[in-house]
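Chain order of the listed sequences is S and A.
Using our numbering, read the first sequence as starting at 12 and increasing by one per residue.
Using our numbering, read the second sequence as starting at 19 and increasing by one per residue.
In short, the hints are calculated from the structure, not lab data.
Just so it is clear, CB atoms sit at the ideal spot from N, CA and C, and this is done for glycine as well.
Keep in mind that a hint or two might mislead.
Unchecked claim - Distance condition first, Cα-Cα at most 30 Å in a straight line; then the derived DSS-like pairs of lysine-lysine:
| no. | chain 1 | residue 1 | chain 2 | residue 2 |
| --- | --- | --- | --- | --- |
| 1 | A | LYS27 | A | LYS236 |
| 2 | S | LYS127 | S | LYS96 |
| 3 | A | LYS119 | A | LYS170 |
| 4 | S | LYS136 | S | LYS75 |
| 5 | S | LYS137 | A | LYS37 |
| 6 | S | LYS75 | A | LYS170 |
| 7 | S | LYS114 | A | LYS36 |
| 8 | S | LYS215 | A | LYS451 |
| 9 | A | LYS21 | S | LYS137 |
| 10 | A | LYS446 | S | LYS217 |
| 11 | S | LYS160 | A | LYS27 |
| 12 | A | LYS27 | A | LYS37 |
| 13 | A | LYS451 | A | LYS21 |
| 14 | A | LYS21 | S | LYS215 |
Stated by the list, open to error - Here are the computed distance ranges between Cβ atoms for each label pair:
| no. | chain 1 | residue 1 | chain 2 | residue 2 | range |
| --- | --- | --- | --- | --- | --- |
| 15 | S | GLU90 | A | ILE202 | 16 to 22 Å |
| 16 | A | SER344 | S | HIS25 | 22 to 28 Å |
| 17 | S | GLY111 | A | PHE31 | 44 to 50 Å |
| 18 | S | ASP29 | A | THR224 | 29 to 35 Å |
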Amino acid sequence: MLSIRNIVKQYANHRALDNVSIEVEKGSIFGLLGPNGAGKTSLIRIINQITAPDYGEIFLNGEKLNPSHISTIGYLPEERGLYKKMEIGEQMLYLAQLKGLSKSDAIARIKLWFEKMEIQSWWNKKVEDLSKGMQQKVQFIATVVHDPKLIILDEPFSGFDPVNAQLITNEILELNSKGATIIFSTHRMESVEQLCDSIALIHKSKKILDGKVKDIRNLYRNNSYHIAFTGSITTPTDQIFSINNEKVEDGITHLTIQINPNYSVNDLLNFLIPQVQITELSEIIPSMNDIFIQNVKN
Amino acid sequence: MNKTLLIIKREYFSRVKKKSFLIMTFLVPMLIIGMYALIFALSMNGGDNNPTVEVIDESGIFQKGFDNNKSVNFEISELSLTEAKKKVINNEDAFVLYIPKDINTGGSIEMFAQKKAGLSVISTIERQLNDQMRIKLLKDAGINSETLDKIKPSLSVVSKELTIEGEKDSSSGAAMAVGFAAAILIYMSLFIYGIQVMRGIIEEKTSRIIEVVISSVKPFQLMMGKIIGIGFVGLTQFLLWIVLSASLMTLATTILFKDKVEQVRSEMPMNKQVEAVSTNGPGMDIVNAVQTVQWTYILPVFIIFFFGGYMLYSALFAAVGSAVESDTETQQFMLPITLPLLFTYIMSFSFIVNNPDSSLSFWLSIIPFTSPIAMMVRLPFGVPNWELALSIFLLIGGFIFTTWVASRIYRVGILMYGKKVSFKELGKWFMYKE
Numbered sequence: 012m013l014s015i016r017n018i019v020k021q022y023a024n025h026r027a028l029d030n031v032s033i034e035v036e037k038g039s040i041f042g043l044l045g046p047n048g049a050g051k052t053s054l055i056r057i058i059n060q061i062t063a064p065d066y067g068e069i070f071l072n073g074e075k076l077n078p079s080h081i082s083t084i085g086y087l088p089e090e091r092g093l094y095k096k097m098e099i100g101e102q103m104l105y106l107a108q109l110k111g112l113s114k115s116d117a118i119a120r121i122k123l124w125f126e127k128m129e130i131q132s133w134w135n136k137k138v139e140d141l142s143k144g145m146q147q148k149v150q151f152i153a154t155v156v157h158d159p160k161l162i163i164l165d166e167p168f169s170g171f172d173p174v175n176a177q178l179i180t181n182e183i184l185e186l187n188s189k190g191a192t193i194i195f196s197t198h199r200m201e202s203v204e205q206l207c208d209s210i211a212l213i214h215k216s217k218k219i220l221d222g223k224v225k226d227i228r229n230l231y232r233n234n235s236y237h238i239a240f241t242g243s244i245t246t247p248t249d250q251i252f253s254i255n256n257e258k259v260e261d262g263i264t265h266l267t268i269q270i271n272p273n274y275s276v277n278d279l280l281n282f283l284i285p286q287v288q289i290t291e292l293s294e295i296i297p298s299m300n301d302i303f304i305q306n307v308k309n
Numbered sequence: 019m020n021k022t023l024l025i026i027k028r029e030y031f032s033r034v035k036k037k038s039f040l041i042m043t044f045l046v047p048m049l050i051i052g053m054y055a056l057i058f059a060l061s062m063n064g065g066d067n068n069p070t071v072e073v074i075d076e077s078g079i080f081q082k083g084f085d086n087n088k089s090v091n092f093e094i095s096e097l098s099l100t101e102a103k104k105k106v107i108n109n110e111d112a113f114v115l116y117i118p119k120d121i122n123t124g125g126s127i128e129m130f131a132q133k134k135a136g137l138s139v140i141s142t143i144e145r146q147l148n149d150q151m152r153i154k155l156l157k158d159a160g161i162n163s164e165t166l167d168k169i170k171p172s173l174s175v176v177s178k179e180l181t182i183e184g185e186k187d188s189s190s191g192a193a194m195a196v197g198f199a200a201a202i203l204i205y206m207s208l209f210i211y212g213i214q215v216m217r218g219i220i221e222e223k224t225s226r227i228i229e230v231v232i233s234s235v236k237p238f239q240l241m242m243g244k245i246i247g248i249g250f251v252g253l254t255q256f257l258l259w260i261v262l263s264a265s266l267m268t269l270a271t272t273i274l275f276k277d278k279v280e281q282v283r284s285e286m287p288m289n290k291q292v293e294a295v296s297t298n299g300p301g302m303d304i305v306n307a308v309q310t311v312q313w314t315y316i317l318p319v320f321i322i323f324f325f326g327g328y329m330l331y332s333a334l335f336a337a338v339g340s341a342v343e344s345d346t347e348t349q350q351f352m353l354p355i356t357l358p359l360l361f362t363y364i365m366s367f368s369f370i371v372n373n374p375d376s377s378l379s380f381w382l383s384i385i386p387f388t389s390p391i392a393m394m395v396r397l398p399f400g401v402p403n404w405e406l407a408l409s410i411f412l413l414i415g416g417f418i419f420t421t422w423v424a425s426r427i428y429r430v431g432i433l434m435y436g437k438k439v440s441f442k443e444l445g446k447w448f449m450y451k452e
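Extracted from the complex, chain A is given alone in its bound form (with noise of 0.2 Å):
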């Protein structure tokens, strides 16, 4: 048998047989699992304590003009400031809004309560205050209800992908959100899986079995094997994590839909039925989002890119492991990897976001050291197909470039025993003939 594919198989069933390795493999799913049912659960009952405010209008002005929401209920007090200011004082929970009389002449709204009120329920207020001030002022010069309801305006901006085969709603939250997602996981897993590579190294050299596995198999293959076989055990973890979370999506999703499917049944005709379950109800609008994403599209995109960064950095991660001896002396090497790395993952969200078509955003995603993040973050904003085969093409080429200096590190570093190593030494190993 090939014996590169030994070294794989090796690299990978010693790993996948771990308990750490099944434990991640299903603890995450139930991460995300909880994470999505924690916010299903918010938006379902958008939070159980919302206040209660009292409104004292001395005014009149906004006496029937307050709606409750998700945020606030308001209440008009007959009360008194002085009984209110009481209550408040005996009540922790208690919230009184004082509306004086003289505030159209230029009187301050006021708000007492033992605890300060949260953001949201102060700008909820306040916009709704605003809102009735407008009204009444629009009034008082001369405008009647009639014309003030036919100008109500209500814009948004729709945005459309225009290519040849049509049009389509780009504006998909949940696309994004998955690209982002996709972008952290890859960079995330640079480091994890890299980082394991340069164990596996370092405890071949500590382990000093290096030496007997390098009398029957070359460097390379030994290196390349290594690299491949803890590729496979992180696709195999992805599809896992894809596979479980799917499914048990799909289960949340069927339990916790159940009664109002049945209800919609009983009360519509068939035909209608999928539809109505699908845009009716809070919670509906993340399930509906998430089957909007194209998955045949950025699954292999990132699988790709995944391996193809993997492949490279895992390559640069295999040279630092055959020059030490341990964990700690890796800091110095380590610097000019995560530093591009890290520069990616900064420069992804804070502007390739803004600016997904600028040449820089571009150039990053282009580049084979940076392309494997930035690309995911592009992608979302549509990304055209040849920038996208350019990009494959160049991180090919990268890894095969950084595999090839770091076999040539890897071939003289396995076999140095007791040695500090500098870059410089890095590089004398790497001009060293065969």
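This is chain S alone, in the form it adopts within the complex (with noise of 0.2 Å):
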């Protein structure tokens, strides 16, 4: 769906981009991650052709970027916001409009979609008499509203209460049900887990990391496990596997331990059963936060 491809962007001073490639797979969820000023939001900008790249080039259903994809993108900045004096329904319909619909076009869609949302009453209000949380729905509904392929939503959830981040949440799985690829950047890690397919991470104007969610977090797992058993080790463990944490809860020792290399699973099995009663025993995938973490601080 969409390949970059070498992207390169130098500022005055500094390289936002530095030779970054990413393929995005049609009809995916993609989290696009990396701490502030990695220059995730330089990338997006590239993408809806606010910027121009100073080299590469990228590819969308493998046409070379041009302004006619406008129309295929719908993007939710992080910086958003809205005319403040400009009636709803009005400003809707000039964004619509602005993105290429027909005037009738644009009536007919903000309608329905102003009663998905149920909303239809708001068409004459002013943003400026909406809360914060009602403005972030008619900005979602701005983003989307021209049926975009491609939809682009640069940190959608910050400021979004509980109620209306799972709203959003919701319509962004129905959009993706019904075809469209959908690119997040976020440094919330909890959604890049429930809703992604792959991601990638940039750090320092590179990209560090890419791929599957799931290759990932198997691709990072190191012999962690958690262990729980009643009644106590009494011989060295040193040569199976070091002890991370340890805790007894209710006579129950809960253990994080990581096995040592040349060892298995089973071959702790072994040397626990004759010394205690295991409760539970489970490996630790290590979550994405971690491997963000991870990743981030070397």
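Both chains are sitting in their own frames, so use the hints and assemble them into the complex.
Below, the structure is given as structure tokens:
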């Protein structure tokens, strides 16, 4: 769907993007991750043709990115707002027409979305009379009203209350199930695990990690396990595993351990079974949050 | 539909629908008519509290020589000086002019009153005294009154403009007034509408709508849409002012001169009525003057220079708006915009007015940054067509240039948040590639 190839973006004295290449599959939900200032917004602006790259190319559905693609992309920027003094309906109509919809088409679709979000009565209200949460709904509609094939959401949940966040999440999933490709830019890792199929991690202007979420988490497994048991271990454990964390609750010992190389879970069990009564054993698969922090710190 | 057109429409209608636009549109013609009526009223009755000056003439020279006129009434008094002084002390409106016996040999004339007489009163009195004294002295020198009557020169200079098409009166004060008014109007509106452009952009920046919009249109389209849209708001306002003022003026004139017209109609044959109405009576000279102005020439030139000057300067205002996040930050960037305008304004009314055809005036009315104001001041004195054409041509080139410079700053500025910007920074933005 979207193929980003060797993008370089240079500002006067810093390089915002350094040879970044990313592939986004059609119909997927893609997470674009990275700490503040990593270059995510620069990349998103290039995809939206707000700025142009110094080097590199972007292809959308096999075509080189060009102005005709504007109407197929929906963009919710991180820095987003509305004309405060303008009426909602009029404003939606304006934004939809700027995306290339005809007036009658725009009116019909806006009405549909207003019904869906149950905000029909807002048509003649001014933005300044709406609460922040209400404005966010309107902004979301403005992003998707022209039925874009590619939806780019930059920090979509910042400032949303949990109810609205859930509402928008559901809308995103529905749009995705209807065939829209979605790119998320965020640092909220829980939403990444919940929603994204694939991710790319950008740090200090470079892409340092990308792939399917499942694969990445598997890749970062490091033989850590959580075990719980009653009784006590009497022989030294150092040879087979090292203990990272230990706590005792209601007579049950909880251990977080890392099995040493050359040993397996079976070796661990063989070692433990004669000594204690195991109640629980599970592998600790690192969360996206851990992977994120680990990568950014190194 | 073309996206720039959509933007122009939004900018235009969102402003024209505002209450403040309607208020301004109706208030200004009212003020103009009000001023017109005030001038008219004053010229009609010349002020009603003219002082009456009692003249005690001990010399006997001036007895019957005084003329009552618009500013002073004279009254020969039989009172003695002491009685008259008493009267002054008791009456605050009394003026007493005392001419002593020995005026021929160097005595001084004195005026007594509780308050100071106005300058025009004093000068009227002095002029009349001097005129009469001169006549007396000439008579004393042996020139008889018949000769005196013959040698009353009355010269005035009528300036005629001579072109291939023939000669015409060019002494029209009204044309000059209209030219000056146009220059002031352009000066003010460059600021008013330029600042509207700047505020509009700051608003888009602070409300964070900007990134949503420029993901749909090019920054240049948005900037031009805004500039053109607000320019049309200005034109609409001017047009409404002209139409409203003209119709109100016509209405006022017919009401004010209704009596006069009827009077003339009953006394004169039809064909002479119009002439009589338009040449007769106080206040009519203003109406006449307004009618002599070549509106069909001045109006289009005014519109061209307003729009050209507006486009040129509003592009700069747009660049400033894109670089800042609030009105208070605009100060440092406003100076380079304000300075040439202020300079032209001052030059126009101190230098160009007196030397409309000097080479400095010529250059000021040709250079795009100063021409919108300077040309308006020069216009009533006659500007060759080729100069006008050159000036307009350069003005168009000027706004293409400023728009190009501004758009390069604008495209970077609108996406910059939370950064204190300096001129050096603006230079860097200008140099950025795409």
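Going down the list of hints, with the structure as the test:
For the proposed pair A/LYS27 and A/LYS236, the alpha carbon gap of about 17 Å is at most 30 Å, so the pair holds. At most 30 Å may separate the alpha-carbon atoms for a hinted pair to count; S/LYS127 and S/LYS96 meet this at roughly 24 Å. Proximity of A/LYS119 to A/LYS170 is assessed by CA-CA distance (about 29 Å); at most 30 Å being required, the pair is judged to hold. For the hint linking S/LYS136 to S/LYS75, the alpha-carbon distance of about 41 Å lies beyond 30 Å, and the restraint is violated.
Simply put, S/LYS137 and A/LYS37 have alpha-carbon atoms about 16 Å apart, close enough for the 30 Å limit, and the pair holds. About 92 Å separates the Cα atoms of S/LYS75 and A/LYS170, which puts this hinted pair outside 30 Å; it is violated. Of the supplied pair hints, the one linking S/LYS114 and A/LYS36 holds, its CA atoms being roughly 24 Å apart against a limit of 30 Å. Between S/LYS215 and A/LYS451, the direct Cα distance comes to roughly 22 Å. Compliance with the 30 Å bound is thereby established for this hinted pair.
For the hint linking A/LYS21 to S/LYS137, the alpha-carbon distance of about 23 Å falls within 30 Å, and the restraint holds. At most 30 Å may separate the alpha-carbon atoms for a hinted pair to count; A/LYS446 and S/LYS217 meet this at roughly 25 Å. Only pairs whose Cα atoms come within 30 Å are accepted, and S/LYS160 paired with A/LYS27 is accepted, the gap being roughly 29 Å. Pair hint A/LYS27 plus A/LYS37 holds up; C-alpha atoms about 18 Å apart against a cutoff of 30 Å.
Annotation: proposed proximity of A/LYS451 to A/LYS21 holds, straight-line Cα distance about 24 Å (limit 30 Å). Simply put, A/LYS21 and S/LYS215 have alpha-carbon atoms about 37 Å apart, too far for the 30 Å limit, and the pair is violated. Evaluation of the 16 to 22 Å hint for S/GLU90 and A/ILE202 yields a failure: the beta carbon distance comes to about 41 Å. Under the hint 22 to 28 Å, the C-beta atoms of A/SER344 and S/HIS25, about 26 Å apart, fit the expected range.
Checked against the hint of 44 to 50 Å, the pair S/GLY111 and A/PHE31 fails, with Cβ atoms roughly 21 Å apart. At roughly 32 Å, the beta carbons of S/ASP29 and A/THR224 sit within the given window of 29 to 35 Å.
Going through the hint list in order, the structure does not satisfy hints 4, 6, 14, 15 and 17.
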